[in-house]
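Novice: Chains as they are written, first to last, in our numbering: chain A, 1 to 279; chain B, 1 to 312.
Since the hints were derived computationally from the structure, they do not count as laboratory data.
Any given hint might turn out to be false.
[What the hints assert, rightly or not] Restraint-style ranges between C-beta atoms, simulated for each label pair:
#1 B/K41 x A/P142: 52 to 58 Å
#2 A/G232 x B/G67: 23 to 29 Å
#3 A/K62 x B/S2: 37 to 43 Å
#4 A/H110 x B/T127: 15 to 21 Å
#5 A/A111 x B/G67: 51 to 57 Å
Virtual Cβ for every residue (Gly too), placed ideally from N, Cα, C.
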Amino acid sequence: MGLSEERQKELEQICRESRVELIELLHKKQTGHPGGSLSACEIMTVLYQEKANVSPDTVRDKDRDRIILSKGHAAPILYMALAKAGFIPQEELLTLRDLNTRLQGHPSSHALEAVELTTGPLGLGMSAALGMALSLKLDESPAAVYVVAGDGELNEGACWEAAMCAAKFKADNLILIVDRNHVQLDGTAEEIMPMGDLGEKFRVFGWEVYTCDGHDVGELCACIDKAKEGKGKPKAIIAETVKGKGVSFMEGKNIWHGKPIDDASYEQAMKELKGGMEG
Amino acid sequence: MSVSIRDAYGRALAEYGDRPDVVVLDADVAGSTKSCVFAEKFPERHFNVGVAEQNMLGMAAGFASTGKIPFVNTFAVFLTSIGFLAARTLGSYSGLNMKLMGAYGGMSDAFDGPTHHALEDIAIMRTLPGFQVYVASDAAQTDWIVKHCIEEAGPVYVRLSREAFPALYQENTVFEKGKGMIVKEGSAATVIACGLMVGHALEAAKILEKEGISLRVVDMFCIKPIDQELILRCAKETDVIVTAEEHSVTGGLGGAVAEVLSAGGCNVVQGFVGMEDTHGECGPYAALQEKYGLTPEKIAETVRECIRRKPE
C-alpha cells in the first residue's frame, strides 16, 4: 500500500527538521559525523516513523521489528530518529558524546535500550542482524530485521560472509538497506575501493535486490513493502544517496565524514537547510 | 585415560542443549569440535556457517540479543584471533550472552602445527571485561562447564582440547565459578595448574614426594574470575607457588596468579611453567610437551628451584 500524499509530506517535513537539528547539534558539540548521518536521514526516518513495527511502548516486545544501524558512525541520525519517534527526549540529544551519556559516540545497546545492537567497528551489523533474523524465525516470530549498512562498510569481508550465509539459511525476514552514498572516509568509493554494481553483487549472492532513490521517502517505503513480500531470500535495498545531502558544500565530500562544523560553515548550512523548510 | 575433552563436550552439548533457546554455530569444523553430535540431534538449531568465523561471531551476538544461548565453535586459535573483534564489541562491551568454545586448545592439534595451536588464547580472553574464562581440565569438568554456560547468562570463553586428560573428578562433580579445586593437599609448595598440566602436576607431586617435598596441587580451571582467596591462602600456607599451563608464560594463568600475589603483597617465590615466549612446531603431542617443557619433570624441577630461591 502506497504512501498517501499527506503522509509523504509529513515524512519529508520530519527529514527537513532532522537535518536542521542535526547540523545544530553537531555544530554545538563540535564532534560527531555529519556526512553519513545526512545521507541516511530518509532511511532512518522511514524506518522509525513508518515501516518498522517498533515504538517506545514495544521496545521490549519480542516480536518487535529490529532496526540495526550497522554504519555506527551515523549515530547522530539514529539518535535524531529515536528522538523524533519518542524513544528518547529531544533535549537528551544535547548529551551526545558527553561523559555519562546514553548517546555514546557510536551506538551502544547497553547504554541505551532502544539501540538494538552496539555498532561502530564496521562489518559486524549484517552478521548480527542475520543471527537475529534466524533466531526470530526459530521462534516463528513475524518480526523483520532491518539493517542499514554503508557502501564503504561493505569493503569489510565479513559483510560478504553474512551475505552468503543469509542466502543459505533463507533469511527472508532480513532486509538490508545500503546507504549507497559513494563516499568513504578517505575519498570517494571509486578512489578508495570501487564496489561496482552492488545490486548485482547481492543478486549473485542469492539475494532479492531493489534499488531506489534513498532520499525519496515514497520510493523507500515502496521498496520496503515489496521486500517484505518475497519469500525464501534475504532482501537488499540499494538506496542511492548523497553523502552530506542537503548541505551543498558537504555533498559528496569525504572531508565532512567526521569533521567538526565551524561557525561559518554552520551559518551557510543553516541558510540552505532552513531555506528548504518552507515546503 | 578417560574420554577426550572434545567428546565429553560434544556429548554434554547434545544433552544439555535439549532446550529451544540453545543454538550452536560452527565454521565447517563440526566434525572436529564435536558440535556435530548436537547437529545430529537438533539440526534445526545447528548453524554451519562455512569457513567464516567473523560472521559466525556476529551471528552469535544476534542470537544472544534475541534471547538465545549461542555456543560458538571453532579452533581456539581462530576463535580468539579472527573472532576477537565481535567478542570484544558484542560479548564483552555489550555483555551479550555468547559462549565461545575453543576447540583444540594448547598444542592438542599437535600434528597440524603452530598455525593451529592456541598458546595465547587465555591471555587474550582474560583482558576482556565481563568474560568468564575456563580451561577444561577433565571430562567431568567439561560437562559441568557446558551446563554452567547454559545456566548462567554472560559471555564465556572455554578452552577445550582435542585430547583426553586423566580423570580428576567423579562424574557430576559440582564446581563453582571463581573457585579453584585443591586436587591434592601438600605443605611445601603449591602448583596452580589448568587443563593438561593438572595431571602433570599430580605426577610431579609423586616425583617430589620421594624427595620429601610435599606438593599441593590446585586445578585453577576458572581463570576469570580467578580464586584470589585460594591463591593467597596457598601463598600463606606454602610460600612457593608454581603455575603450570599449556600456554605462553606471558599473560595467562601465570600472569593472573602473579597479579593476585603481587597485589596481595605476598612474600612468595613464584615459578612459571609454560611456553617460554615461543611458538611450537608440529609433531606427536607427547614429544611436543617434552621438547617445550610441559612435563611433570619440568614442574618438579621448577618447584625445587623455587624452594632453593626461597629466602631463609
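Novice: Determine for every hint whether it applies to the structure shown.
Specialist: Comparing the hints with the structure gives:
1. B/K41 x A/P142: 52 to 58 Å: At 28 Å between Cβs, range violated.
2. A/G232 x B/G67: 23 to 29 Å: holds (25 Å)
3. A/K62 x B/S2: 37 to 43 Å: holds (42 Å)
4. A/H110 x B/T127: 15 to 21 Å: holds (19 Å)
5. A/A111 x B/G67: 51 to 57 Å: violated (20 Å)
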